[in-house]
Amino acid sequence: MPLFWLILIVLAIAAVGYVLGRSRAMSSAGGELSALHSLPSYYGANVAMKVIVPAFLLLIVWLLAQPFYVNNVISGMIPETSIAEGSSRGLVLAEVRRAARGLDNAVATGAMTEEFARNARADFADISTRLRDAGQIVTSEITQPILRAAQRYRVLNATGNLIMSIAVILVALFAAFWAIRETNAEFRARNVVEQGIKAILIAAASIAILTTIGIVLSLVFNTWEFFRLYPASDFFFGLTWSPSFSGRGSSSQLGILPLLWGTFYISIVALLVAVPIGLFAAVYLSEYAGPKVRAVAKPLLEVLAGIPTIVYGLFALLTVGPLLLSVFGNEGLGIMQAGTAVMTAGLVMGIMLIPFVSSLSDDIINAVPQAMRDGSYGLGATKSETVRQVILPAALPGIVGAILLAASRAIGETMIVVLGAGAAARLSLNPFEAMTTVTAKIVSQLTGDADFASPVALVAFALGMTLFVITLGLNIVALYIVRKYREQYD
Amino acid sequence: MNEMPSIEQANEMTESKISANKVQVFYGDNQAIKDVDIEIQPRSVTSFIGPSGCGKSTFLRTINRMNDTIDICRVEGSIKIDNEDIYDPKVDPVQLRAKVGMVFQKPNPFPKSIYDNIAYGPRIHGLARNKAELDDIVSSSLQKAGLWEEVKNRLDEPGTGMSGGQQQRLCIARAIAVSPEVILMDEPCSALDPIATAKVEELIDELRENYTIVIVTHSMQQAARVSQRTAFFHLGILVEEGLTEDIFTNPKDKRTQDYITGRFG
Chain S
1 MPLFWLILIV LAIAAVGYVL GRSRAMSSAG GELSALHSLP SYYGANVAMK
51 VIVPAFLLLI VWLLAQPFYV NNVISGMIPE TSIAEGSSRG LVLAEVRRAA
101 RGLDNAVATG AMTEEFARNA RADFADISTR LRDAGQIVTS EITQPILRAA
151 QRYRVLNATG NLIMSIAVIL VALFAAFWAI RETNAEFRAR NVVEQGIKAI
201 LIAAASIAIL TTIGIVLSLV FNTWEFFRLY PASDFFFGLT WSPSFSGRGS
251 SSQLGILPLL WGTFYISIVA LLVAVPIGLF AAVYLSEYAG PKVRAVAKPL
301 LEVLAGIPTI VYGLFALLTV GPLLLSVFGN EGLGIMQAGT AVMTAGLVMG
351 IMLIPFVSSL SDDIINAVPQ AMRDGSYGLG ATKSETVRQV ILPAALPGIV
401 GAILLAASRA IGETMIVVLG AGAAARLSLN PFEAMTTVTA KIVSQLTGDA
451 DFASPVALVA FALGMTLFVI TLGLNIVALY IVRKYREQYD
Chain H
1 MNEMPSIEQA NEMTESKISA NKVQVFYGDN QAIKDVDIEI QPRSVTSFIG
51 PSGCGKSTFL RTINRMNDTI DICRVEGSIK IDNEDIYDPK VDPVQLRAKV
101 GMVFQKPNPF PKSIYDNIAY GPRIHGLARN KAELDDIVSS SLQKAGLWEE
151 VKNRLDEPGT GMSGGQQQRL CIARAIAVSP EVILMDEPCS ALDPIATAKV
201 EELIDELREN YTIVIVTHSM QQAARVSQRT AFFHLGILVE EGLTEDIFTN
251 PKDKRTQDYI TGRFG
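Chains as they are written, first to last, in the numbering used here: chain S, 1 to 490; chain H, 1 to 265.
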């Protein structure tokens, strides 16, 4: 039974349960609303909740567990001898899955009957040809163990799915029956539903946190793998970045310092652009602009935040780069060789960050109580004196937080750098030279066709991990500053 | 706390510090204040009483043009301080506010140290030529506000860390530090407990020697305790104004009578 139908059936049971629970509650109270502990809809929701939650939980657990079980069984079926030299059990298992999928599709398109696909004594040369005729890709000749395994795989999966469907529907029906039975006028359905809602909210929050942990773990294992192949000291302190994609990358020099330097240099240029402009814009919008100007200007400024970064990258490549080149290039001052440079990427990234700084700062400045402004104006201070000496100090923790957030965005930015800053990893002080960043290199390391197990590809995970640790550190510092210096206004 | 009537009579003779003539205040299309005429005596405490929304705070805020910070607010008529029209285009509201200080309903110390809170006004107006002079202004302002003994050893601690009553006296000290001539107080004790209130009232009574004080209050007892003259506002109109004891013992207007006896408001 397709998953979609199963889910629909469970939902239908829940809907019926809702109606039944609701009407049972009504009838148990003799149609008198005031005799019920909770509103009728709560009794219905109680039933629906008790149907959906266990049934879907079972479904999810089953869907996660079944492949494990099936893989284990199949893996046990494949003898050591049928694993070819240079191959691995994982590759053979992948082949089994491919063959099974091929059989599935062949049956679905009518190229062979179900019995034929299941036939244990089927001739595998015949099956191979038939599969190929049916347009199913079979990489190599299907061998006896693989075919047997594939057939077993199909059977196991089919039985598993059938049992799962029955189990899920039974659980849903039993839960509906039980929940409807416990429904009576005294039953505190409202409290139960409240608990259920709390559980749903907790689940949502935990999923976000667990995903983060999952991301970190996936980075950690691959990073660990990389450091087994490449010395960590060379990675962290090496001054040269020159990956060699030939010969499994053994002659690569993978020092992160040029990349980090590029990252920080571009980010600093970006922040030098974004912070003053963003902050001044925020001060104007929150303190000086009238309501009409504000209503127009603020959304316009925030439109900048909605532009995809690739568009900023094009802007850097096609407009800002040539513009800078005409001033600082060989025609002009002669310190810029090409349009792609730290300055190009930094300026454009700075423009991208303006709405971050201004929007967050604007909110924070608005949160400074009017009483502070009144107090200052009441002493005869002008607007700019009030802003400089009362409002900005009061808003400073928040503004610093906003700037650090902008900084972590700058560090993580990729597209603008790829298009605007060039691809040369270089340790240089000249902002008009091409440099590159950690993120841009992660992209180029993983989009090549290097062997995934070589240090040249795995270095991407180490780079990602380093970047993650840096931005995490920045965020922690930002939170710490915001907490420590936050003024308590009541 | 009230002065002897004879001295009050003498005050009546002197020229008034603030004189308002036909003052109208509008918020957009709503008229909040209608035809207010009042003379406020120098070096005395005048209290504005009246039910909520009667316009007493609004009128108070016209005296130092704090209403200018509200876009939709419009003031007509004339208010003169020392015979100078404060709504004259030549008058800089910023300068005016240095001369007419204000203390607000809720204590609003800046998120700075106690010292910097007091020094804020003198710094922006350039009242001190050097650190020593600034120190003098800070300590004398705190002394005048009766706060010096409590805070002299912790001037560098944040002003926001003090108790509510101390914060309000800090705000008064902050207003004093720019040497104003008039101090406006908008319900300065409404957020304070009775003990802190008593201290602030005592302070107001002392400040009367050097400053002209106008106080808006919801507490009629407070008006009776601290002020020499009282003005009763109702629905944007100045109903009655006179010596405090006359207003409270022998009001001329029925509405004043009703209000002070608690029949409405």
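Warning: the hint list may mix true and false statements.
[Said to hold, decoys possible] Simulated crosslink set (PhoX-like; lysine-lysine; CA at most 25 Å straight-line):
no., chain 1, residue 1, chain 2, residue 2
1, H, Lys106, H, Lys144
2, S, Lys383, S, Lys298
3, H, Lys22, H, Lys34
4, H, Lys90, H, Lys112
5, H, Lys80, H, Lys152
6, H, Lys252, H, Lys22
7, H, Lys90, H, Lys106
8, S, Lys484, H, Lys254
9, S, Lys383, H, Lys152
10, H, Lys90, H, Lys80
11, H, Lys90, S, Lys383
12, H, Lys131, H, Lys22
13, H, Lys106, S, Lys383
14, H, Lys199, H, Lys34
15, H, Lys99, S, Lys383
No lab work stands behind these hints: they were computed from the structure. Remember, predicted model here, so these are calculated numbers, not experimental data.
Hint by hint, here is what the structure shows:
Taken as a hint, the lysine 106 of chain H and lysine 144 of chain H pair is honoured in the structure, with Cα atoms around 20 Å apart against an allowance of 25 Å. For the suggested pair lysine 383 of chain S and lysine 298 of chain S, the alpha carbons sit about 20 Å apart, so the restraint of at most 25 Å is met. Under the criterion of a C-alpha separation no larger than 25 Å, the hint pairing lysine 22 of chain H with lysine 34 of chain H is consistent with the structure, at around 8 Å. Distance check on the hinted pair: lysine 90 of chain H and lysine 112 of chain H sit about 34 Å apart at the alpha-carbon level, beyond 25 Å; violated.
For the given pair, lysine 80 of chain H sits about 38 Å from lysine 152 of chain H by alpha-carbon distance, which is inconsistent with the 25 Å threshold. A C-alpha spacing of about 21 Å is found between lysine 252 of chain H and lysine 22 of chain H, which places the hinted pair at or below 25 Å, so the restraint holds. As the CA atoms of lysine 90 of chain H and lysine 106 of chain H are separated by approximately 32 Å, the hinted pair breaks the 25 Å bound. Of the pairs offered as hints, the one joining lysine 484 of chain S and lysine 254 of chain H is violated, with about 57 Å between alpha carbons and a cut-off of 25 Å exceeded.
Of the supplied pair hints, the one linking lysine 383 of chain S and lysine 152 of chain H is violated, its CA atoms being roughly 31 Å apart against a limit of 25 Å. Using a Cα cut-off of 25 Å, the hinted pair lysine 90 of chain H and lysine 80 of chain H holds, with the two alpha carbons roughly 13 Å apart. About 19 Å separates the Cα atoms of lysine 90 of chain H and lysine 383 of chain S, which keeps this hinted pair within 25 Å; it holds. As the CA atoms of lysine 131 of chain H and lysine 22 of chain H are separated by approximately 45 Å, the hinted pair breaks the 25 Å bound.
This hinted pair checks out: lysine 106 of chain H and lysine 383 of chain S have alpha carbons roughly 21 Å apart, not beyond 25 Å. A hinted pair counts as satisfied when its Cα atoms are at most 25 Å apart, and lysine 199 of chain H with lysine 34 of chain H does not qualify at roughly 35 Å. Distance hint between lysine 99 of chain H and lysine 383 of chain S is fulfilled; the C-alpha atoms sit about 17 Å from each other, no more than 25 Å.
The structure fails to meet hints 4, 5, 7, 8, 9, 12 and 14 from the earlier list, while all remaining hints are met.
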